[in-house]
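Asks: Chain by chain, the residues:
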Amino acid sequence: DAGVIQSPRHEVTEMGQEVTLRCKPISGHNSLFWYRQTMMRGLELLIYFNNNVPIDDSGMPEDRFSAKMPNASFSTLKIQPSEPRDSAVYFCASSSSVRRETQYFGPGTRLLVL
Amino acid sequence: AQSVTQLDSHVSVSEGTPVLLRCNYSSSYSPSLFWYVQHPNKGLQLLLKYTSAATLVKGINGFEAEFKKSETSFHLTKPSAHMSDAAEYFCVVIIEGSGNTGKLIFGQGTTLQVKP
Chain A
116 DAGVIQSPRH EVTEMGQEVT LRCKPISGHN SLFWYRQTMM RGLELLIYFN
166 NNVPIDDSGM PEDRFSAKMP NASFSTLKIQ PSEPRDSAVY FCASSSSVRR
216 ETQYFGPGTR LLVL
Chain B
7 AQSVTQLDSH VSVSEGTPVL LRCNYSSSYS PSLFWYVQHP NKGLQLLLKY
57 TSAATLVKGI NGFEAEFKKS ETSFHLTKPS AHMSDAAEYF CVVIIEGSGN
107 TGKLIFGQGT TLQVKP
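In order, the protein sequence lines correspond to chains A and B. Counted from 1, the first sequence has number 140 at position 25 by this note's numbering; the numbering is strictly sequential. Counted from 1, the second sequence has number 33 at position 27 by this note's numbering; the numbering is strictly sequential.
It is worth saying that the hints were derived from the structure and are not from the lab. Since we're looking at a predicted model, the values are computed, not measured. Beta carbons: idealized from backbone N, C-alpha and C, even for Gly. A portion of the hints provided could be inaccurate.
Result set (EDC-like, lysine to aspartate or glutamate): computed pairs, CA atoms no more than 16 Å apart in a straight line [claimed, not checked]: (1) B/K109 to A/E133; (2) B/K121 to B/E21; (3) B/K55 to A/D172; (4) B/K109 to A/E177; (5) B/K109 to A/E159; (6) A/K183 to A/E198; (7) A/K193 to A/D172; (8) B/K109 to A/E126.
With the C-beta cut set under 10 Å, the calculated list includes, among others, these residues of chain B facing chain A [claimed, not checked]: (9) V17; (10) Y35; (11) S38; (12) F40; (13) Q51; (14) K75; (15) F96; (16) V120; (17) K121.
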């Protein structure tokens, strides 16, 4: 199994631009999580899906952030418009419904907004 | 509300010496607790988990942790550090609710440095 796949691995963009991060969970996993990691705030859960349905988006910082999961093998996290304070590493993780606490993390997308 | 506090932001040990990474938790329920490890420029990996079975939990790479309810602690230990253990370690508690939500609360992390 290839594990959780995220793309791009690195993204540099200018303030105001739209950014789309992509995630492919492990096949057979039906829970998917988006996290953000910064030095100041550590690891924060942004949103999670179960069976492609968003269950809890209380961690999404503001309306500029949106996430979708159109099918079991693909999810996106979009920031529009991006701001410098969005610079962080964004991780996607997936798990089975039986063992949601055991989450498998992707390598992350390192985002820099200038 | 559940939370975890990692007592040390940075721990430095010599190769071959014991490792102790400290974590205290706060929970109204009997908590499920975990340790995750993050190697440089990598995603997080589950080291071990405690889910109300044996209080001494063994994980991968020779790590283990002991759940102590009286001390509200879940410290991570390893008898002998290896250079490859150098990484960031996160103590994690799961938010309990109706069913297993999978919502994890991460501590601030402890950076483990291993000196030759």
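Asks: Against chain A, is B/K121 within 10 Å by beta-carbon distance?
Replies: Given a least distance of 24 Å, the restraint on B/K121 is violated.
Asks: Taken at face value, is the distance from the CA of B/E21 to the CA of B/K121 at most 16 Å?
Replies: holds (6 Å)
Asks: Does A/D172 lie within 16 Å of B/K55 when you go C-alpha to C-alpha?
Replies: Given that 16 Å is the threshold and the Cα spacing comes to 25 Å, the pair is violated.
Asks: How about B/K75: closest beta carbon in chain A under 10 Å, or not?
Replies: violated (19 Å)
Asks: Quickly compare the C-alpha distance for B/K109 and A/E133 to 16 Å and report which way the hint goes.
Replies: Violated, because 28 Å separates the two Cα atoms, which is more than 16 Å.
Asks: Given the proposed pairing of A/K193 with A/D172, does the C-alpha separation stay at or below 16 Å?
Replies: The given pair, whose Cα atoms are some 13 Å apart, holds under the 16 Å limit.
Asks: Against the 16 Å threshold, does the CA-CA distance of B/K109 and A/E177 hold or violate the hint?
Replies: Outside the cut-off at roughly 19 Å; violated.
Asks: With chain A as the partner, please determine if B/Q51 meets the hint condition of a C-beta pair closer than 10 Å.
Replies: holds (7 Å)
Asks: Let's test the interface hint: is any C-beta of chain A closer than 10 Å to that of B/Y35?
Replies: violated (14 Å)
Asks: Is the interface hint satisfied for B/F40? The criterion is a beta-carbon contact with chain A at less than 10 Å.
Replies: Cβ of B/F40 sits 6 Å from chain A, so the hint holds.
Asks: How about B/F96: closest beta carbon in chain A under 10 Å, or not?
Replies: At 7 Å from the nearest chain A Cβ, B/F96 passes the 10 Å test, so the hint holds.
Asks: Given the hint that B/K109 pairs with A/E159, test it: the Cα-Cα distance must not exceed 16 Å.
Replies: holds (10 Å)
In summary, the numbered hints that this structure violates are 1, 3, 4, 6, 8, 9, 10, 14, 16, 17.
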